[in-house]
Each structure stands twice: as C-alpha cells, then as structure tokens.
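Participant: Chains Z and B are the protein sequences, given in the same order.
So the first sequence is numbered by my numbering: it starts at 1 and just counts up by one.
So the second sequence is numbered by my numbering: it starts at 115 and just counts up by one.
Just to be clear, a hint being listed does not mean it is correct.
[Stated by the list, open to error] Keeping only pairs whose Cα atoms sit at most 25 Å apart, straight-line, the calculated SDA-like set for lysine to any residue is: (1) Z:LYS58 with Z:GLU71; (2) Z:LYS49 with Z:THR5; (3) Z:LYS49 with B:GLY117; (4) Z:LYS58 with B:THR220; (5) B:LYS138 with Z:GLN45.
None of these hints come from the bench; they were simulated from the model.
So you can see what is in the structure, the chains are spelled out below.
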Amino acid sequence: AQSVTQLGSHVSVSEGALVLLRCNYSSSVPPYLFWYVQYPNQGLQLLLKYTSAATLVKGINGFEAEFKKSETSFHLTKPSAHMSDAAEYFCVVSDLSNTGKLIFGQGTTLQVKP
Amino acid sequence: DAGVIQSPRHEVTEMGQEVTLRCKPISGHDYLFWYRQTMMRGLELLIYFNNNVPIDDSGMPEDRFSAKMPNASFSTLKIQPSEPRDSAVYFCASSLDARQGNYGYTFGSGTRLTVV
Chain Z
1 AQSVTQLGSH VSVSEGALVL LRCNYSSSVP PYLFWYVQYP NQGLQLLLKY TSAATLVKGI
61 NGFEAEFKKS ETSFHLTKPS AHMSDAAEYF CVVSDLSNTG KLIFGQGTTL QVKP
Chain B
115 DAGVIQSPRH EVTEMGQEVT LRCKPISGHD YLFWYRQTMM RGLELLIYFN NNVPIDDSGM
175 PEDRFSAKMP NASFSTLKIQ PSEPRDSAVY FCASSLDARQ GNYGYTFGSG TRLTVV
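Kindly generate the complete structure, drawing on both the sequences and the hints.
Facilitator: Here you go:
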C-alpha cells in the first residue's frame with residue numbers, strides 16, 4: 001500500500017530563512033505526488049504536483065519540490081520565508097488504482113518568526 | 115469557475131439533531147470526495163463518488179453518517195443523530211478522472227461543525 005510520511009509536525013523558521021519541509025513516500029511504482037497548503041480557517045490549496053514530467057517542480061508562491069526516486073523523497077523548499085507562508089502543509093501521494101484517490105500525510109505546521 | 119462550493123460555512127447544533135452538509139463540485143469533475151479534519155485524527159477520507167455512484171464508503175465512521183449524490187452537481191453528507199464527537203471541519207473536494215492524468219483535488223472551504 002502506498003503511504004507518505006512527513007518528518008516533523010512543526011517547523012519554525014525566521015522570516016527570510018530557507019524553508020525545508022520533508023516528505024518521504026512509499027510506492028512500488030513511480031507515483032503522482034503533491035503538496036497542498038492550508039491557511040488558517042481555509043480549505044486546502046494545491047501548491048504543486050509531480051507527474052513524472054520533470055523531477056524539479058515549481059509551484060505557487062515561490063515553492064518548489066524535487067522528486068528523488070533513489071531517496072523516495074519529495075521535499076518542499078522555498079529560499080526565503082515570508083510571514084504569509086505560515087500555514088499547514090500536506091504531502092500527498094496518489095492511489096495506484098487510478099481512481100484518483102489521494103493519500104495525505106499528517107501535515108507539517110510552518111511557523112514563521114519575524 | 116467558482117470552485118467547489120460548500121454550505122453552510124459554520125454549523126452549530128445540539129446533540130441529537132440532524133445535520134446536513136452540502137457540496138457543489140466543479141462542473142465536469144468526475145469524482146467527489148468527503149473528508150473530515152480534526153486535530154486528533156488529521157484528514158480522514160469518509161466517502162467518495164465517481165459519476166455520482168458511491169465507490170468507497172469505508173471511511174464513514176458509523177451508520178449515523180450517510181452521503182448522497184443525486185446528480186453531478188450536488189452532494190450531501192448527513193449526520194443523524196449528531197454527537198459532540200462529530201465536531202470537526204468537513205471538506206468536500208472534486209477532481210477529474212485520474213485515468214486522464216492525476217490532476218489532484220480542488221477543495222471547498224469546508225464546513226465547521228460544532229455539536230454541543
């Protein structure tokens with residue numbers, strides 16, 4: 001069965017610092033991978049997605065993620081954190097059955113300190 | 115496109131009452147999903163539909179929960195009778211057919227349910 005593990009339920013960075021949110025997946029075949037963001041009291045919004053076209057994926061708001069098959073990782077990064085990046089971030093892997101069902105990680109809360 | 119529309123945004127009800135949550139998916143999307151989010155359990159998939167047909171309801175916690183999709187543009191999640199432990203944020207999401215490439219989901223803004 002597919003699964004996704006997010007390392008660290010809470011990450012705190014200073015404004016302007018590098019953001020690194022870690023995600024490892026388990027899948028027997030190359031999966032589809034996603035990062036979603038949830039701002040306080042809002043729904044989930046798609047940040048970026050990997051669908052095997054390119055290993056480095058650029059998303060909205062300056063975020064990007066790199067698919068590394070050898071490490072089964074899909075870490076999310078942003079060079080310089082902004083206060084508005086404070087939110088919860090979910091790493092997500094697609095279900096292999098092609099039904100479209102997504103499997104969510106437990107989420108990482110990003111805190112940005114001034 | 116207005117996105118996935120959920121109503122109401124907030125619902126406060128007394129224990130034992132019936133609660134109905136509503137969702138309008140994006141036009142043309144083949145799949146509709148209902149999720150529940152709590153601090154303790156995170157995001158849980160309750161049920162999903164493909165072309166208005168329920169495919170997997172194994173996440174529905176109890177018989178008190180039921181979901182319907184009478185047509186492609188409307189779905190309901192009903193809790194009867196409601197209990198305080200049902201308090202959560204309920205999200206609806208929709209997506210295109212994954213066989214055309216997995217596009218991910220579009221989520222609604224959620225319904226925050228409080229059962230007192």
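Participant: Hint by hint, note whether the structure agrees.
Facilitator: Hints, one by one, checked against the model:
The suggested pairing of LYS58 (chain Z) with GLU71 (chain Z) holds, with an alpha-carbon distance near 19 Å, which does not exceed 25 Å. Between LYS49 (chain Z) and THR5 (chain Z) the alpha-carbon distance is near 17 Å, which keeps this suggested pair within the 25 Å criterion. Straight-line distance between C-alpha atoms of LYS49 (chain Z) and GLY117 (chain B) comes to about 19 Å, which keeps the hinted pair within the 25 Å bound. A threshold of 25 Å between alpha carbons decides the hint, and for LYS58 (chain Z) with THR220 (chain B) the separation of about 18 Å falls inside it, so the pair holds.
Under the criterion of a C-alpha separation no larger than 25 Å, the hint pairing LYS138 (chain B) with GLN45 (chain Z) is consistent with the structure, at around 17 Å.
Going through the hint list in order, the structure satisfies each hint without exception.
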